[in-house]
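Chain order of the listed sequences is A and B. Here the first sequence stands for residues 4 to 812, numbered as in the numbering used here. Here the second sequence stands for residues 1093 to 1200, numbered as in the numbering used here.
Errors might be hidden in some of the hints.
As the list claims (entries may be wrong) - Derived DSSO-like pairs: lysine-lysine, alpha-carbon spacing no greater than 27 Å straight-line:
| no. | chain 1 | residue 1 | chain 2 | residue 2 |
| --- | --- | --- | --- | --- |
| 1 | A | K807 | B | K1164 |
| 2 | A | K537 | B | K1164 |
| 3 | A | K459 | B | K1153 |
| 4 | A | K779 | B | K1164 |
| 5 | A | K459 | A | K447 |
| 6 | A | K689 | B | K1164 |
| 7 | A | K459 | B | K1164 |
| 8 | A | K447 | A | K377 |
| 9 | B | K1164 | A | K649 |
| 10 | A | K537 | A | K649 |
Don't read these hints as lab results, they were simulated from the structure. No experiment lies behind these values; they were computed from the predicted model shown.
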Amino acid sequence: MKKIVVAGFGPAAHRLVEALLQRGFDGRVTVIGEEPRPAYDRVALTSYLSGVSAEDLAYPVPSGAVTRLNSRVTGIDRQARVVTVEGGEPEPYDVLVLATGSAPFVPPVPGAGHAFVYRTIDDLDAIRLAAKEAADGVVVGGGLLGLEAADALRSLGLRTHIVEMSPWLMPRQVDEGGGSVLRSHIERLGLSVHAGSGVQEIVTDDRGRVAGLRTPGGTLIEAQVVVFSAGIRPRDELARACGLEVGERGGVVVDPGMRTSDPSIYAIGECALAGGMVYGLVGPCFTMAEVAADRIMGGDGTFDGADLSTRLKLLGVEVAQFGAMTGALDVTYMDPVAGVYKKLFISDDARTLLGGICVGDAAPYTSLRSFVGKPLPAPPSDLLFTGGGANLDLPDDAQVCSCNNVSAGEVRAAVTDRGCADVPALKACTRAGTTCGSCVPMLKQLLEKSGVEVSKNLCEHFAHSRAELFDIVRVRGITTFSELIAQHGQGRGCDICKPAVASILASLHNGHVLDGERAALQDTNDHFLANIQKNGTYSVVPRIPGGEITPDKLIVIGEVARDFGLYTKITGGQRIDLLGARVEQLPEIWRRLVEAGFESGHAYGKALRTVKSCVGSTWCRYGVQDSVGLAIALELRYRGLRSPHKLKSAVSGCARECAEARSKDFGIIATEQGWNLYVGGNGGFKPRHADLLAGDLTTDELIRTIDRFLMFYIRTADRLQRTSAWLESLDGGLGYLRSVIVDDALGICADLDAHMERHVATYVDEWRATLDDPDKLSRFVSFVNAPGVPDPSIVFAAERGQIKPVVTR
Amino acid sequence: MTWVDVCGYQNLLPERGVCALVGDRQVALFRTHDGSVHALGNLDPFSGAYVLSRGIVGTRKGEPTVASPLHKQVFSLVTGHCLDEPDIAVPVYHVRLDGDLVQVAVSV
Ligand code: SRM
Ligand SMILES: Cc1cc2nc3c(=O)[nH]c(=O)nc-3n(C[C@H](O)[C@H](O)[C@H](O)COP(=O)(O)OP(=O)(O)OC[C@H]3O[C@@H](n4cnc5c(N)ncnc54)[C@H](O)[C@@H]3O)c2cc1C
Ligand code: SF4
Ligand code: FES
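Bound conformation, chain B alone (with noise of 0.2 Å):
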């Protein structure tokens, strides 16, 4: 597994997302609230487009969560399945902190 720095943490704003380019994939990253970060697949399943770092963070009965920002479908931060389509997931990335470093590992 190799990981790739991707930006610092202070570049993650609490419950928000962004969109980083790690070879040609385009992984979301999600900070919540208590501080650990998320990643996953940036394209949204059901639209084609690759927008789901834009979408609202939040909590399923606990489960931190981001809506798509097109149809508003929601997906698990920790496992990347849709709540609202189980049939559905997006990819999950393994992502860490050294130091002030934010690095994601892509398995090829």
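This is chain A alone, in the form it adopts within the complex (with noise of 0.2 Å):
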């Protein structure tokens, strides 16, 4: 039986096992990895730090390989064929694999051992727990990895400094002018970028703590975090030890079945020289394990080089580079003022695409990548100024996705031939759009092109999404739910259009949910102007912005309670509910609420639920802002605003953040200037945690944001869409939402902030209004016949001293 021993866990040794146990392979396979994990998404390392959590990074552990973690391997004997393992039995093989990938090069200059990197989980836990003592950071190098450390570390709310050799950032994948048009918009995000500079030194203060980095030129930049991001270096230095060829500049020769100079042994991954270059991207490394596999069950494949084509996806920047970076001739877009540059490199007789730079606007990225080495689609004019690049057709043998080596050719053989229907599907058919994400929206494409009909209809009864719709009714100024249907849909809807409809027009118009016929639309839950419960009675929840409350106020809402006998519990939200009631108690129960100041908390609808708070520098030892005086004034602000789902809220008053603010759809951390405000939080099913949309505001610009993103949200998001899920389905993400809420790209910042004037200024509670109106209160009866008469089929038992209901089944 053969023995495989691949040394180093990481994303290429991962593939390489998979690879083998799909070919069959009857051997045993030993993984040694130095980390204390199996393999796991490093090119995802980042959204770690926003909370995914390192088991949702981990790649399945193959189920047929030995692993051995928290191992490193010391040394090779390969006359005797065995690896030595560091404090442990050591590994005897036939084929030994190398796939130790690479570490994050640290130049040695003094205080360099006081710096981070930027290469593992635990490099990432060391980084956050330095921050919490920080308020600066500085990312040394500028290229791809190391912005997005930069952002890391300005998500985790340092102010960030980048450095940078070279004269403008990215050197390696954009030119100078993409470079400048790069900087502006690095800057714009709060960043400072020191180009052309480098490091002298790290300094410490007296008590050897890092204060800042020194460059060349002699100025000191104060932080005390400092992260070197300034390349990678291949780890050769077992192949070193035992005597394998090595590269000049490291990296263990392999030919081209991904074989060292001793044919026992194969080198795959970042750690591998193949054909004179050390690949630091995952989807080369992927082809080589599959290589090696293919080589070690006997095949006859092939490494062949790669495609090094890059797309940055974070800080909201959209850079990208495809194909060379020089070329006989080569056309040019700039736009300064939009940020946008655009240059095609092309061959001397202007006939051939040979690659592309985008800074601002991937777009010809997407389209174009796949035409590098073929015949120009289009005149390159075209490509570049109308952006009608998005619309081509792609040869079967363009590559799409270039992290999983998948062609254009077999995404839609997957349509065509094994069904597949979304993106969801592809993924998992092909594998494409798996890794970095950058192929997803060339896959939505040629699934359009295929024909295939995604739908985004809201139900048989529209075939509109719900943004279509909330368009039609504002543009049309359509105001009921029968005019819609008469023009723009058919039959009489269901439960699915009809909330939908019901909320678009009290997003629209508020006014009173149960007026005329907008009663017939809302489910029993806004109806009832109460949540239903499995026994068919209902809970209120009275409104407690902020959850601040006085002793009065809960006197009265334990006299309501006792006095009709209802359940009570503290919330999750911070407030009280009480359950248990039936239809025809509810306009008694608010009647008596009211008169005490109570107003609807619309626990039953979708809408804003609660801003929590946690105590604040009130009381609050740590406090730097009253954060419960905000999350009252912003739970009035926005209460009785129906959107496309709920919405909930939280204000913490330092980073200690006591009232979990990042789990909520906008949450508010106090800091010493102001605000950080984050959105897209969600817990229930899926939790997220939000995202730093904008730092240190004054209450004054947080509360203009805010309403933005919740108006812009609440016209373009989907049914039931919380704000986390449109966040993250947002074309340009988190950039795009900041370039449209805070730079006003779209220019509708005027139109958001009115609609939101109007919402505010036109505030009702529900539940006073219809106290107030025979007509709705008319509704609330248990029998149209016998209005007194409780539904006898409701029945409770006592449990802990309180109610709890019965149902006969």
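Relying on the hints, combine the two individually framed chains into one complex.
What follows is the structure in structure tokens.
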């Protein structure tokens, strides 16, 4: 039985093992990794800081392999065919695969030992811990990874600097023109760029703590966290020590079959020097793993180099480069105002596309990357100026996903022969789009062009998405469901479209949800302004803004609960739920509550729920701002605002985050200077930490930004799409959102502001208005022919001194 | 068949339901968009709660329907069959208008 040993357990090793098992390997594979965990998605490493867990990042461990974690390979005895492992049993092999990856390069400057690197989950844990005590950070290296690290520091709340040796950022990907446009984007995000500079030393204070970074020019950049991201070095030390051939500048030399100078040792991934190149992208590393697996199984696969196209997926700035970075001819489009720079390189006969660079708009990357080395599909000026490039027909052999080496032909085949009808199906079928995700727009395009209807229809009654219906209602000034369905739909609606349209009408026209025909559109919760429970009773949740409540009001709630025999519970939203009310009791309960100054809490509505708060600076010894005051102000501002799904918020008085603001649709964390605004958080089914949208805002700026965020969401989200899913579905993500609501890129901010002002000005408490209107009240009866008779099917038992429903079935 | 007066027609709102107590039966009454009246049992067989009268009234492929307010299973107002799970059905009762009066007949 053949014994394969793999040194290193990163993405390349993982893919190798998978590929071996897929090809029917029946010997023994042992993977030895130095990290404390199995291989994980290093490309998505940064998402770990925004709350994606180590488990989420982990690749599934292939079941047919033996894994030894926390174990470093220390030597290779090529004669005896054995590797030695630190603190463990040696491991004999028939075939050894080196997949040790690479290590960040740390320049040998004084104090370098105090700096961090950005490569593993453990590195990120260390950086996160250090950032807690820090205010400023500096990243050395303005390349792809450096910018990613800089964004990470910024998201940890640090004022961030980037030091780059070259005269411009991302020198390996963009030329000088692109670099200057990129710089202005990055600076606009609040990062300081020191290009054409370097590191002299890391300065420490008298207690040995990092105080800053000194540049060769003598400038001191103050920072308590320094991260090196100045390139990588292949980890070829094992190969060197046992006499395998290594490259002059590092990397284990391999042939096209990934074999080293010892025929029983292979090297794959970032530690390998293939065709004179070390590949720092995961796509080629995967291909190498496939080739090595094929060879080990007796095949003759070869690795013939790989596409080094890249696209920066962070900082909200689109940067992309594909194919060559020079050419006989080039065509440039530059718009410094919009921050767009695009350049194509073409052959001297102006026929063949050689490559391109994009900053600020990566559309050409998506549409043109596959045409590298092929005839230009249209005149270059058209491709750059009109964006007409987006609709090109890709040749079958064009590579769509470079991470997983999937061609347009394979994607088309998956659609036509294997019935893939959406992006998730394509991902499962072809692996395309599963790594960096930058090819997903192209997958969508291919799907659409293959004639697959990617239906966004709300339901059988409307061939429109919610966002489209919203625009129709807004632009045409439609005010009733009947009008809308007669003109733009068919049939008489259902439990999907009716509440959705009711919500749109409420968002646009405010007004009472039980007015006229609108009453018939509401789900039972909105219809009775209460939440239905399993036995047909309802719950009552009065608004308690910010969770602050006076003893007198608490007493009223207690008295009401006692008098009506309701079950009482503190909710997860810092308020009080009274459960077990029968329909005909609701008006009497609410009359008492409204008299005592309570309002509807909209627990039943797709609307603002709660703005939770911590005690904040008024009481807490750590608080830096009045979180309770702000939470109350926000809750009162947005109460009653109907939206595609419920909205939750929280305000914390300092970075300790006792209000859990980052799990909210919009969460606010106080800073010394003002407020940090995070958006797109979610608890619930698929938890997500909110992303920092803007930092150190004044209260006015904060409110204006939230106003726009909410209104833009309300206008464009799908039905029942929380802000987290909406944000993730936005093309261009957080950067795009920022451009729309902070930079007003679409010119709609004034409109959004006015819309919110209208909401605030026209708010009335739904329950008070209901109590004042005999017509609306008339629906709160148990039986139309016996209004006062309690529903005899509603029965309670007792538990812990309160009622509980008994459902007999 | 005994017809029982339950309410005035104006008590029924377009595309909404109410519940009537007929003997010891709970009857859910619905008025659809075209003005006609339908009567089903009020018991939602999926949850065991008497709530069907509080569901959203609409159509599926032209057939008038109500969706349970608890877990949204859709029932035909004409046949009482659940359109999502055809094995399940709720009783359908006779209902008519006598002038302005809505009358229901439940056989014993
Ligand atoms: C009462 C309460 C539980 C409690 O006793 O603590 C509750 C109760 C319900 N939740 Fe909740 N949720 C309650 C706090 C939460 C929280 C915590 C929070 O808000 O801080 C969460 C996680 C945070 C979040 O939403 O991101 C939460 C996540 C959910 C979800 C999952 C949402 C998601 O995006 O995955 C649902 C389902 C849904 O909305 O589709 C849900 C749905 C419901 C519904 C409405 C289900 C239903 O239709 O019957 C429950 C009925 C409420 C009622 O009053 O009858 N509830 N629910 C809490 C009311 C808070 C309040 O004062 O308004
Ligand atoms: C923050 C970040 C973002 C990135 N973004 C992208 C991107 O967007 N697109 C892209 O294509 N690529 C990206 N990359 C690069 C990509 O992650 C790498 O190309 C890929 O991880 C290489 O895989 P590998 O298995 O060869 O090496 P590695 O991932 O480095 O794995 C090697 C493993 O071997 C272990 N090891 C080393 N020596 C030993 C030993 N002696 N004994 C035992 N174990 C050992 C190491 O600890 C490590 O766990 C990114 C990388 C980082 C750090
Ligand atoms: S978040 Fe900060 S201010 Fe608020 S209670 Fe916690 S420690 Fe105090
Ligand atoms: S190109 Fe990275 S996942 Fe497809």
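Hints and how they fare:
1. Between K807/A and K1164/B the CA atoms are separated by roughly 24 Å; this keeps the pair inside 27 Å, and the hint holds.
2. Only pairs whose Cα atoms come within 27 Å are accepted, and K537/A paired with K1164/B is accepted, the gap being roughly 13 Å.
3. For the given pair, K459/A sits about 19 Å from K1153/B by alpha-carbon distance, which is consistent with the 27 Å threshold.
4. Taken as a hint, the K779/A and K1164/B pair is honoured in the structure, with Cα atoms around 24 Å apart against an allowance of 27 Å.
5. In summary, the hint linking K459/A to K447/A is supported, as the alpha carbons are separated by about 13 Å, within the 27 Å threshold.
6. With a C-alpha separation of about 23 Å, the suggested pair K689/A and K1164/B falls inside the 27 Å cut-off, and the hint holds.
7. Of the pairs offered as hints, the one joining K459/A and K1164/B holds, with about 21 Å between alpha carbons and a cut-off of 27 Å not exceeded.
8. Under the criterion of a C-alpha separation no larger than 27 Å, the hint pairing K447/A with K377/A is consistent with the structure, at around 23 Å.
9. With a C-alpha separation of about 19 Å, the suggested pairing of K1164/B with K649/A holds against the 27 Å cut-off.
10. Proximity of K537/A to K649/A is assessed by CA-CA distance (about 21 Å); at most 27 Å being required, the pair is judged to hold.
Checked against the numbered hints listed earlier, the structure breaks none of them; every hint is satisfied.
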